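S.K.: Top line first, the protein sequences correspond to chains A and B. Taking our numbering, I'd label the letters of the first sequence as residues 700 to 1040. Taking our numbering, I'd label the letters of the second sequence as residues 7 to 353.
No lab work stands behind these hints, which were simulated from the structure alone. From a predicted model like this one, the values you see are computed outputs, not experimental measurements. A couple of the hints might just be wrong.
Unchecked claim - Under the rule of at most 20 Å between Cα atoms (straight-line distance), these lysine to any residue pairs were calculated in the SDA-like manner:
| hint | chain 1 | residue 1 | chain 2 | residue 2 |
| --- | --- | --- | --- | --- |
| 1 | A | K938 | A | D918 |
| 2 | B | K280 | A | H928 |
| 3 | A | K820 | B | K280 |
To be verified - Quick partial rundown of chain A residues pointing at chain B, CB under 8 Å, derived from the structure:
| hint | residue |
| --- | --- |
| 4 | E723 |
| 5 | T724 |
| 6 | A776 |
| 7 | H906 |
| 8 | S959 |
To be verified - Some residues of chain B that are not near chain A, with every Cβ distance over 12 Å (derived):
| hint | residue |
| --- | --- |
| 9 | N48 |
| 10 | N67 |
| 11 | L85 |
| 12 | L130 |
| 13 | P152 |
| 14 | E256 |
| 15 | G287 |
No residue lacks a Cβ here, since even glycine has one placed at the ideal position from N, Cα and C.
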Amino acid sequence: MAALKVAVVGAGVIGLSTGLCIVETCPSCSVTVLSEQFSPNTTSDVAAGMLIPHTYPGTAIHVQKQWFKETFSYLFAISNSAEASEAGIHLVSGWQIFKNPPREESPFWSDVVLGFRPMSKAELQKFPQHQFGQAFTTLKCDCPPYLLWLEKRLKAAGVQMYTRKVSDLWELQSEYNVVVNCAGIGAHHLVGDEKLFPVRGQVLKVHAPWVKNFIRDGDGSTYIYPGIHRVTLGGTREKENWSLSPDPGTTKDIFDRCCSLEPSLQGAQDVKVKVGLRPSRQSVRLNREVLSQGGVKLLVVHNYGHGAGGFSVHRGTAKEAAHLVAECIAALPGSSSRAKL
Amino acid sequence: MRVAVIGAGVIGLSTALCIHQQYHSLLPSLQLELYADRCTPNTTSDGAAGLWQPYLSNHGNLQETLWNKETFDHLVGQLGSPEAREMGLFLLSGYNLFTQPVPDPSWRNIVLGFRNLTPRELELFPGYSYGWFNTALVLECRSYLPWLTNELMQRGVKFFPKKVESFQEVSLGGVDVVINCTGVRAGELQPDPELQPGRGQIIKVVAPWVKHFIITDSTESGPYNTPYIIPGSEFTVLGGINQCGNWSEEISAQDHKGIWESCCRLMPSLQKAKVVQQWSGLRPMRPRVRLERETIAHGHLQAEVIHNYGHGAFGITIHWGCAMAAARLFGSILQEKKLAGPCQPRL
């Protein structure tokens, strides 16, 4: 009996982690990853990879919290193992500061991160323009290391990966039983999702190894995230801007805003500018669909639209996508004879 | 007015700077000289990771607690300045771990954001059931000592790379005040049975993913005799040795093995860290810091000495408070000399 063939479209953090979850939950499947881009050229590679959730207005909070919890636990275990440096996962502590009182004193994720508490007056003295703040410890996934580590685990599980631009999911119908759409911002054209739009982010990745704590302005516009080798300085949130070209005026603006929060950044070296398009949506599209065309069916599982929160929920959504793949397989004709438990 | 500072570790250099800053405009004749047989990067201070943290208990020594606070506040004030990078100064958060509950330390309100660890945080550290989290500072001496040296040179302080064998040697040469910052070897200038070496050994590794300090429970074994991990701007320091009375500065393979294994147990990700250096040095341990004046008579000649040594494992932590206290003692010497008039015979 031929193995069930699953294609995952997209090789950012969502595509690779979903592929890995499918391998873990469907051992009888043969998984292939197809993507136009692989690390270091995915949107995920631009992101700092901080586990600080973004709130999706269209998704129930308890669902988002569950996704975040699963992701946090998964990465927490890796950070405390010998694999941590290869996987690019590490703990980082810092401050989220506000000029105006924050909307919520305790966001939904405050009991998932570690040691969440309001900042003391003494701590806030470091930020004279800000009146309120929250201190906590969370995790960071550095890219490319995390994506390369996922690729390594996929390869070890026998997953094939190909550079290929998929322009239409139907291209894959003849070769694959199930297609998993993790195309991120690519889904706008790939499946014509008008509800998916880019939120352009420009960041600077600088050499400033003395910066050990993160600082984030609660309005989300300015942040300093220390990674293993580089510190990510950000950023911008430009809705409907599709440009991937760095803007020099923006670079200066980001640098100035970050230096006002952390003056020692004036001494930062080797500034690299990057741009990514956050695949933004009211809610993450995480569902399964049966497409029909001329009597032929195509089983699709969607897992895209994570916007600014991809890293924070990636493992949770990947697991859910893998369950949806299992459901697709269970619904296939003759599936009970295929399924190996 | 010739002043000789003996010692070019963090204590000698900072005391010299503090005195010059405070008195050079009041006393145009002030001539500062610095004598040392060892300079950066070969001083005891250079081996320290540079984390600001006093001992877990101050044994009721409020004076030292105050000097620690003065140092912390002074350094925090420098954080936003363009000098901070050159000084090797930055904020660092981290963990102190214990096997049982302990009272809060004297410095809980000096550092930033001091709190107890939550149960989930303790899951990171099997074997430890209690702990603290706070944000403190690192002052890396491999940057700070050159910065201090540069500040002093710009102020015209003269450096003499030589070993001083006795106080008389400098005072007979015409020096009015001697500042004794000789650290662990102060006993060579004047016997001090209370001063003992606290031998330390460390391993420097490349582990840039480490963003927190971790210091483990030393209530039973004495400060820094249990594993600790302190990230710097370039390397991470692994340590946990404090052998009282051991004068050896040689690297011990057994100590190396002990540090490596215990730190990797504490933080498994360190198994992949590359070792770049090993170092051994002698902390100037003493029940309390010796910071006081002494008039040393030699025949009918007198020398004014200010002692500033015995800072144990908290030299960087306390250095600026002590430098200012030494400067105040210097001020009192000036007061006395003025009162005594310009014709007082001096050495």
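S.K.: Are any of the numbered hints broken by this structure? If so, which, sorted upward?
M.R.: Numbers 3, 4, 5, 6, 7, 8, 11, 12 - these are the hints that the structure violates, sorted from lowest upward.
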